[in-house]
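**Q** As a plain string of letters, each chain reads:
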Amino acid sequence: AQSVTQPDIHITVSEGASLELRCNYSYGATPYLFWYVQSPGQGLQLLLKYFSGDTLVQGIKGFEAEFKRSQSSFNLRKPSVHWSDAAEYFCAVGEGYSGGGADGLTFGKGTHLIIQP
Amino acid sequence: DAMVIQNPRYQVTQFGKPVTLSCSQTLNHNVMYWYQQKSSQAPKLLFHYYDKDFNNEADTPDNFQSRRPNTSFCFLDIRSPGLGDAAMYLCATSRGKEDTESRFGSGTRLTVV
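Protein chains in written order, with our numbering: chain A, 153 to 269; chain B, -8 to 104.
These aren't lab readings, by the way, just hints derived from the structure by calculation.
There may be inaccurate statements among the hints.
Straight-line distance between alpha carbons at most 20 Å, and here's what the computed EDC-like set of lysine to aspartate or glutamate pairs gives [said to hold, decoys possible]:
| id | chain 1 | residue 1 | chain 2 | residue 2 |
| --- | --- | --- | --- | --- |
| 1 | B | 35 | A | 240 |
| 2 | A | 220 | A | 167 |
| 3 | A | 261 | B | 42 |
| 4 | B | 43 | A | 255 |
Covered stretches of chain B, going by a simulated chain A footprint (3 or more residues, C-beta under 8 Å) [as the list claims (entries may be wrong)]:
| id | segment |
| --- | --- |
| 5 | 10 to 18 |
| 6 | 53 to 63 |
Heads up, the beta-carbon is just placed ideally off N, CA and C, and yes, glycines get one too.
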């Protein structure tokens, strides 16, 4: 069974500083990987996704993530955070194309990002 | 703009009184999902429809059911809500085999009193 681990429950970063949120996954084949952001009381917004190809993917709002197969990781990064980035961030894994690709996502427990002025 | 729309945003129901949450999509996606997200937890998949085919997660309680009368609409029925069913319920869609990227609605916050 697939699983996702986000080891950091909370992260506090100063505004303007760089950010890295960690994500490790467990999956038998090539997974589809996603990062979503959720503001309080809201749904999930997709930041970026990895299906195949270039292992460094660019997303919205200045975020990027790097897929490292050898480490089973898909860490999210941003060079300079803004106060508006404060939110909950979820890493998720989906079944790869070979498996049908429609069985929904497995989410990590999330990382709560706090931005200090 | 193509969207996933959930109504209502907030729903209050009485303990044991059946309640239905609705989701509609203008994306013409093949797959519609229902997730349950309890406070400070990750979303958990309850079930999904691939076109008309219903797929239930093994640990989804029998108290939860779903209907998809057409491509655009999907409903979540909770037959006898308990206090433990209070949560945010998220609807999502995807094209399926061609692309598993899921688009989420804004969610319905269910309170059970």
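**Q** Determine for every hint whether it applies to the structure shown.
**A** Going down the list of hints, with the structure as the test:
1. B:35 <-> A:240: Holds, at roughly 16 Å.
2. A:220 <-> A:167: violated, 28 Å
3. A:261 <-> B:42: Roughly 29 Å separates the two Cα atoms, so the pair is violated.
4. B:43 <-> A:255: Roughly 14 Å separates the two Cα atoms, so the pair holds.
5. 10 to 18: violated (count 0)
6. 53 to 63: Not satisfied, violated; 0 residues make the cut.
The earlier numbered hints that this structure contradicts are 2, 3, 5 and 6.
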